[in-house]
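Visitor: First to last, the sequence lines map onto chains Z, F and W.
For the first sequence, the residue numbers in the numbering used here are 1 to 108.
For the second sequence, the residue numbers in the numbering used here are 1 to 386.
For the third sequence, the residue numbers in the numbering used here are 1 to 484.
Treat the hints with caution; some may be incorrect.
As the list claims (entries may be wrong) - Residues of chain W clear of chain F, computed beta-carbon distances all greater than 12 Å:
no.: 1; residue: 11
no.: 2; residue: 186
no.: 3; residue: 206
no.: 4; residue: 323
no.: 5; residue: 404
no.: 6; residue: 466
no.: 7; residue: 475
no.: 8; residue: 479
Stated by the list, open to error - Taking CB as the label site, the calculated pair distances span:
no.: 9; chain 1: Z; residue 1: 87; chain 2: W; residue 2: 469; range: 29 to 37 Å
no.: 10; chain 1: W; residue 1: 268; chain 2: F; residue 2: 354; range: 54 to 62 Å
no.: 11; chain 1: F; residue 1: 342; chain 2: W; residue 2: 59; range: 29 to 37 Å
no.: 12; chain 1: W; residue 1: 470; chain 2: F; residue 2: 276; range: 30 to 38 Å
no.: 13; chain 1: F; residue 1: 167; chain 2: W; residue 2: 98; range: 37 to 45 Å
By construction, these hints were calculated from the structure, which means they are not laboratory data.
All C-beta atoms, glycine included, are put in the ideal place defined by N, C-alpha and C.
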Amino acid sequence: MVSNLASGASNGCREVCFAAGLYDLDAIKRAAYRFSDRVRVEIEPTETVVICRLHPLMAVSEADHLAIVSDFSIEVLDQDLRRTIAAETESVRNLILSIAFSKTGFGQ
Amino acid sequence: MLTLRNQGLRTLNTGAAGSPAVLRLSDDPQRPPVLRKSEGYISRGGPMPPGFAWYLLTDGEASDVPNDAPAIFLPPSYEYLRSGDVVRIAPARGAFSVLYRREARHNSFLLTERCNHYCLMCSQPPRNVNDNWIVDTLLEAIPLIDPDTVEIGFTGGEPTLLGERFLQLVRQCKSYLPNTALHILSNGRAFVNPQFAEQLAQIDHHDLMVGIPIYSDLSEVHDYVVQADGAFDETLRGILNLKRFNQRVEIRVVIHKQTYQRLPDLARFIARNLTFVDQVVLMGLEMTGFTKANLNDLWIDPLAYQPQLLDATRILADNRVKVSIYNHQLCITDRALWSYAKRSISDWKNEYMPECEGCSVRAECGGFFSSAKLRYSDHIKAIVIP
Amino acid sequence: MSKFHPLSAYENSASYKLLPFRFTALDEDRYVLTNMAGEYALLPRQDLYDFVRHRIEPGSTAFRTLKSRHFLMDDDSNVAIDLLSLKTRTKFERLSNFTGLHLFVVTLRCEHSCPYCQVSRQNIEHSEFDMSPETAERALDLVFRSPSPAIKIEFQGGEPLLNFPLIRHIVERATELNKVHNRDLGFVIATNLALVTDEILDFCRAQSIAISTSLDGPADLHNKNRPRPGGDSHQRAIAGIDRVRQALGRDQISAIMTTTTASLKRPREIIDEYVAHDFRGIFLRPLSPYGFAMKTKWYAAYKTPMWLDFYFDGLDYIIELNKAGVPFSEYYASVILTKMLTPFQPGYVDLSSPAGIGIGALVYNYDGDVYASDESRMLAEMGDKSFRLGNVHKDSYEDIILSPALLDPLEASFAASAPMCSTCAFEPYCGAEPVFHHATQGDPVGRKPISDFCNRNMAIFRGLITRMEADAETRHLFARWANR
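Please take these sequences and the hints and turn them into a complete structure.
Guide: Listed below in structure tokens is the structure:
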């Protein structure tokens, strides 16, 4: 579950929270990395939620800032989905690579 | 449409020659005697030169066959026989069949009627019989075929079901017909066994191509069309093995109601996964065999699928895959595809319809199979170029 | 008939397994999915999620597309494994050929003074900036140590024709050595053509040497970019092109353009110039951040969005030309389209992962220093020798090829394991660019969100896919380019 808390405008930061345990911290970090051209993301895990504070790297309008926050949330979900795919396809991926690079070519 | 076989024909003097004979024919009264001993003479009236193994007489002809040699009476439908043709005579049943015609543009040999598929549109419905005698006949016939023959074909049923005997036939062709191309129609599944593919490769035939049908990019549709579960996977694996051993492979696709919609997807699939194939042929439906029984599920007017055919052909051409279109009449083929359309119907099978009267491109167009009289496009129209 | 079974009897698609794939947003609504072999499919976001959650319907259009393109496998068929393995192998096969392109910098001297030049310009008289025959000999020994069945030797500079005697010597010597090595050996001279003579052309014709020259656009643009005493660079270039065509054959000359701020507003005119002079295509290049460009105002003026407008305006114009019956290609798009639409790897050095440094190309500088790529040399001219691999007079082939200066950035920059790249749907189409990222960010991997290389290429991938999906004729055109 994602909830947007509009934080005080004092430091131009917006907060997004992700339910702890539901979204892998790795997914959140990867999303933060991807957005590192637009925002600096402070990640604070707590017992119940992971708080992400998004600090824009340059001056942006309110609308743009909200858009970045929304996109960031979607990106976290997408990163999470990627982990699901990777986990589910790991063994067939290794199989395909092992056949592809085997010396004898193609077994039955 | 030529008659190629008969049973119950009248024979003479066959007491001593009860077993079937495979013979090359001659109509030359000056034929060197040493060759006559193993050949059949085509009699067209007049005195018969002695020394031939068999005499082929026309009905009503006088039957003074030299030296009481065996003879068979043939109806007028066999007037087309010429020197160099190869026939089989089974005296016990008065059976006569033409195996090879030297003047034909293409000669195909059916190796077996057995098959592990049951295609909805099969033009040679399978029979589960012991027809090993066919291989024996062909092994005898191959050395009699004119070595200048450009190309022969192996078909069936499924030729590879013959296993080692199939390989034997290929070897025979290599030995006796070193200048003749060999085109084999097969579903390719036997080559899922890499040893079998390797054995074929080891024969090192000088000019061999295996023509293998794929009807869809989706396994379930292909398996449905050929009525065999697991066919798609085995066929593709067979193709990969044939290519591992550098054999030439042609992909054949028959276009009908079950295959036309995904034809562009199949083209894309071939271009991406089977880019190494030597050619692709896109074929019109023949109205024989099982097609008649499944007509409702198969028939679509060829004019209706021209958009898919055009897209598929362009996709293959864009990807530099050689593509040909067989068995399509020019008037219902998109003009952009005419350069791909080949006159593919064997000269003894093709005919034209009343609508073709006066057509300027008749010579370029292959016309129809005679079986097409059952059903053909509603849009056949003579193309008149003033 | 009862002996025939219906389609439903053959549909065993109750459940399906995911095959390995990556996804990245294409636009507001759609995602691009790519499989291990770089085949793509588009899905709206909700369908993507349904797909991963095993909720799409067998028999639906999405299911059939994903099955056909090897994104999923159902109980009915698993030959996808064999085919994906074969396609993956095909994509990597070229790597074992190793270095095919060998660049010889025969001199740094040049009589032009182009502001964007990435090579030190030296006065035309200074022959100590010429490569010596001894250096050339050592370099040729290294060239033939490469196992590549096809070897292309490209002469560069400065202006290489200023040291034509050495070019002649290298060609003759390489040809002699090749009698033993038996490779498919080819030569190219990259020249501004101002100094071409009949003697030079006779030699090129006899040895089947191809020419690569600069043509930046119409005369005013070309001359502004490429100042020369006399201000007649364009005129000489055109005269040179005609002369080369007559002497060597129409297709023995290719042209490259360099993009500057002045070019950015005029893509159509530049393309028209190429069409007018009978070229079959153009490479719409970005401005690279090396050499004198950094020292001048050129690079500061250059921004990715402006360049992308330039690129797509040019590309769309080229598509129009093709629809009007003028066959003309854009070569960068063609390289990418080969990766997108065919099972093959184009082997283009600047868009490869693992990177093309060393593996695709090696540069032998006039002084015997060996560099991992052309850009590596340009970086050195700016004072940064990070990608210098050794010297032909001091180091063996093994020292050079196994140098950490080469192996470390190759490994670090490998896209399939780089942050963001490893999960990017466009990775099969992209490349690793260690030298660019080192020059602009200080490390060979770079942080991709702020990488011009990444941003530029992602925009191009999206632009190509969007155009193909929107128009069937463009799709066919792009497939032809991909299979050139």
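Visitor: Now, for every hint given, state plainly whether the structure supports it.
Guide: Hint check results:
{"no.": "1", "hint": "11", "in the structure": "5 Å, violated"}
{"no.": "2", "hint": "186", "in the structure": "22 Å, holds"}
{"no.": "3", "hint": "206", "in the structure": "33 Å, holds"}
{"no.": "4", "hint": "323", "in the structure": "15 Å, holds"}
{"no.": "5", "hint": "404", "in the structure": "39 Å, holds"}
{"no.": "6", "hint": "466", "in the structure": "19 Å, holds"}
{"no.": "7", "hint": "475", "in the structure": "9 Å, violated"}
{"no.": "8", "hint": "479", "in the structure": "4 Å, violated"}
{"no.": "9", "hint": "87/Z - 469/W: 29 to 37 Å", "in the structure": "30 Å, holds"}
{"no.": "10", "hint": "268/W - 354/F: 54 to 62 Å", "in the structure": "56 Å, holds"}
{"no.": "11", "hint": "342/F - 59/W: 29 to 37 Å", "in the structure": "35 Å, holds"}
{"no.": "12", "hint": "470/W - 276/F: 30 to 38 Å", "in the structure": "31 Å, holds"}
{"no.": "13", "hint": "167/F - 98/W: 37 to 45 Å", "in the structure": "40 Å, holds"}
Consistency with the previously given hints fails for numbers 1, 7, 8, ordered from lowest to highest.
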